[in-house]
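Chains as they are written, first to last, in the working numbering: chain A, 92 to 194; chain B, -15 to 159; chain C, 60 to 457; chain D, -11 to 185.
Hints in this document: simulated from the structure, not taken from any laboratory. Some hints could be false.
In silico lysine to any residue, SDA-like type, Cα no more than 25 angstroms apart, as pairs [stated by the list, open to error]:
#1 C:Lys392 with D:Gly(-7)
#2 A:Lys176 with B:Val42
#3 D:Lys(-4) with C:Pro379
#4 D:Lys58 with D:Arg46
#5 D:Lys(-4) with C:Lys141
#6 D:Lys(-4) with C:Arg121
#7 C:Lys215 with B:Phe53
#8 A:Lys176 with B:Arg7
#9 C:Lys215 with C:Phe393
#10 D:Lys(-4) with C:Phe393
#11 A:Lys176 with B:Glu129
#12 C:Lys141 with D:Tyr20
Just so it is clear, the structure is predicted and the values come from calculations on it, not from any experiment.
Given next are the chains, with one letter for each unit.
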Amino acid sequence: MTPLQRYLVVSTLLFGVGLAGALTRRNAILVLVGIELMLTAANLNFIAFWRYGPNPESAAGIVFTLFAIAVAAAETAVGLALIIKIYRHRRTTHLDQMDTLKG
Amino acid sequence: MEPAAFIAALLALGGAVAAVSLRNLIHCALCLVLTFFSVAGLFLGLGAEFVSFAQVMVYVGAIAILIVFASLMTRDPGADPARVPEPRAIQPWPLGLGIAGAVTGVLLACVGSSRLLPDVTAPAVAPSVRELGQELMTRYVVALEVVGLLLTAAMIGAVVLAVREPRPLDREVGR
Amino acid sequence: MAQTLDQLLDLVQQRLVALWPAPWQPWVAAFLGAAAIVATFGGLFALTTWLERKGLARIQNRLGPNRVGPYGLLQPIADGLKMLTKEDIVPRAADQWIHFLAPILKVVPVLLAYSVIPFGRHLVALDLEAGLLFFFAVGSATEIAVFMAGWGSRNKYSLLGAMRAIAQLISYEVPLVLSAVSVVLVAGTLSLPAIVDSQAGHGWAGLANWHVFTPWGLAGFVLFMIAATAKTNRSPFDLPEGESEIIAGHMVEYSGFKYALFYLGEYLSLFAISGVGITLFLGGWRAPVAWLDWVPSYLWFGAKLLGCIAVFIWLRGTMPRLRADQLMNFAWKFMLPMSLVTLVAAAMWHATATWTFPGAGLWRWVLGAALLLLPYRALSRSLTQRGRLGPRRYRFAD
Amino acid sequence: MFGAGLLKGLAETARNFVGSYHDPARLPTVEYPERRLELPENARVFPFLVYDGADPERGLRCVACKICEKECPPQCIYIVLERDERGKPQKHPRVFDLDISVCMSCQICVEVCPFDAIRMDTAFEWSTPDRFGGLLLHKTDLAKPNRYYHQIHPTEAAETDARLAAEQAKAEAKAKAQAKPKAAPPQPAATPAAATP
Chain A
92 MTPLQRYLVV
102 STLLFGVGLA
112 GALTRRNAIL
122 VLVGIELMLT
132 AANLNFIAFW
142 RYGPNPESAA
152 GIVFTLFAIA
162 VAAAETAVGL
172 ALIIKIYRHR
182 RTTHLDQMDT
192 LKG
Chain B
-15 MEPAAFIAAL
-5 LALGGAVAAV
5 SLRNLIHCAL
15 CLVLTFFSVA
25 GLFLGLGAEF
35 VSFAQVMVYV
45 GAIAILIVFA
55 SLMTRDPGAD
65 PARVPEPRAI
75 QPWPLGLGIA
85 GAVTGVLLAC
95 VGSSRLLPDV
105 TAPAVAPSVR
115 ELGQELMTRY
125 VVALEVVGLL
135 LTAAMIGAVV
145 LAVREPRPLD
155 REVGR
Chain C
60 MAQTLDQLLD
70 LVQQRLVALW
80 PAPWQPWVAA
90 FLGAAAIVAT
100 FGGLFALTTW
110 LERKGLARIQ
120 NRLGPNRVGP
130 YGLLQPIADG
140 LKMLTKEDIV
150 PRAADQWIHF
160 LAPILKVVPV
170 LLAYSVIPFG
180 RHLVALDLEA
190 GLLFFFAVGS
200 ATEIAVFMAG
210 WGSRNKYSLL
220 GAMRAIAQLI
230 SYEVPLVLSA
240 VSVVLVAGTL
250 SLPAIVDSQA
260 GHGWAGLANW
270 HVFTPWGLAG
280 FVLFMIAATA
290 KTNRSPFDLP
300 EGESEIIAGH
310 MVEYSGFKYA
320 LFYLGEYLSL
330 FAISGVGITL
340 FLGGWRAPVA
350 WLDWVPSYLW
360 FGAKLLGCIA
370 VFIWLRGTMP
380 RLRADQLMNF
390 AWKFMLPMSL
400 VTLVAAAMWH
410 ATATWTFPGA
420 GLWRWVLGAA
430 LLLLPYRALS
440 RSLTQRGRLG
450 PRRYRFAD
Chain D
-11 MFGAGLLKGL
-1 AETARNFVGS
9 YHDPARLPTV
19 EYPERRLELP
29 ENARVFPFLV
39 YDGADPERGL
49 RCVACKICEK
59 ECPPQCIYIV
69 LERDERGKPQ
79 KHPRVFDLDI
89 SVCMSCQICV
99 EVCPFDAIRM
109 DTAFEWSTPD
119 RFGGLLLHKT
129 DLAKPNRYYH
139 QIHPTEAAET
149 DARLAAEQAK
159 AEAKAKAQAK
169 PKAAPPQPAA
179 TPAAATP
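This is chain A alone, in the form it adopts within the complex (with noise of 0.2 angstroms):
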């Protein structure tokens, strides 16, 4: 294996971690930790790649990777604010007791 696959594999991992996470939790806030799992773990991919690439020198895969932990953090913000909003609302935050069209 070379380095690159290395890393690719667990960059693999953590998003199967993620997904799953996202997929079987039903707790609002830890669908959205599965979420930035699976962000993490592009960003492991983006930076491995750039790293192992064919030209390290270009900054592409840097500049991707701080562009997505910023659309990360707006991710989150938005997120989270919908969340407690719900939460207001509905007093839960869990995601099979908020599937009702009604409010």
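Here the structure of chain A is known, so what remains is to put chains B, C and D in place on it, guided by the hints.
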């Protein structure tokens, strides 16, 4: 992969598994912090110093704290057995695990069978912070502006969403 | 001779490292550096507790500790012995692991932050290219520690204190980073030794080219120090641990050695953040006037650090504690706009650096001062008129 | 202007700090066990019992009327009346205990005492390793001579003494005035008494 990176990867994966599987929400958030720290360590090992510090600053300093705050502000009475919905024909969690496992398996197979890239092991010279800044300000300036706009919009949106409407009494007194 | 004295610490370290076999040398060097930092700032911590008690006492017309040793100088040792021999109590309902890990997580990042601060010429443990970012990144880890302490103790006072502390830390991190960014803008680098180098040389009347001697630098320094006071939970921003309201905030359930660790972490972060403030605005280890350059650089750094500590003690002896709403209003309605204005003024200063016509220096000064003073004036007027920072009106009392 | 008040406060504390090194008015604190400040005359800590003359037992002004015991808000006074062998009450306390761990120095006992027997002391160093027995003062600990009272509260003691002397003089005058008519009737009464039988 040198031993330090191996340990960091193990910690990241262990933290991730704990973060999505523990029962206590606060423990989940703290395990997430462990994962973020370890991934920052992996970045550092890969030579991406700036990204590593940015990762710690944003993920640990902002996102983890946000998650912790949100989980404290939303005490979930979901454990209340009276409110749990009736049993379904298909339990959701084996399905979710199955899908996640399938996706991971396909990805792993792809990684294992790929021969696309040459084996680069030469020490890469990371672009300096100055070069990074110049790239951001020239080649990626549009993306940078868009991200700035996105962050501003997200911040305003989050504030508007989460702000509590003033109670009638407050409005009456005018505070 | 002067140069030898200046590099004395480096020379000693090289001699000590040379005693070891070659493969061990990097490890020995790293260990020596870490040990020197821990020993120096641990000693400074002991000295500062004594200085603080003495200074506060004098401000309050008292004498302060004077029983243990001459002038009470051995008081820190007595305090330390008391702390170490106290029983370590863990609440039965507490989350054992989190309760145990919190004090460690409080101290370790602070110690890591010391690795990027240049204490003297060539006297920096890690010359990172993104050193300033590293400093702020490890600083944000203390928020997690505070939260763990507050939540893990399973005590409503500590949880309240932790929530207050985190809200305050996050709010004041923004002006702190923004005022530091103004220096980064002018110096064009994130590396702390390079920022010190950007303040080299002497300008008008032999005065050094420190950033604090510019309009934006002065404003940035004041903002940085105010935000640093809040970041280190010191009076007047000490309401996360307000003794009179929530006993000691997140530290209620800690005793003995763990409490001492929190205490140590707080003082160490104070020194670290003062060190960064010195590096950013006060010229780091550089002498203020050219004819004092022969004094070893680390002595200059130490003198400036002690000066900063004295100012912090002075502030603590003067200001009453803020209320929670005043704290937030001050952060978001005064500190944040002012730090943005400072950033603009710094950009102006940077853009007009190429002016060469006669009287350009004066014009830059006037422009920069006007850019800062006018918004300051407007901001203070609007804030005081709208009663945001004035006395509170109670809903049912009027 | 914003911040001017803060600077004013800083200047004041700086003046305090510097002044504490050369200006005694800025450093009024004394080092306590070695040096003590003179207590103000109205200082009060816990009550004590005044006795006249030389004998603390017989000169005690207290008549065990128990008014102070009843009035004491935290009920820290305990009095037992002295009785002679026949059970006849004597105007003297057999037991007078005062628990200073309970006493709150309110001085109400002093206010209500009709005999000026109980007064406030200025001694404050009562620390003891025995928190039960050591803080329970008995009659022997509490009895202090009038001389001591004059020492600690000169004005108040002089006033009390003057009043007591005036009262005594009045009582004597009254007694004399009563004694005269009383002294007169026995003589006429003596005759009928002598005459009756």
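Review point. When the hints from earlier in the document are held up against this structure, which numbers fail?
Key: The structure breaks hints 5, 9 and 11; every other hint is satisfied.
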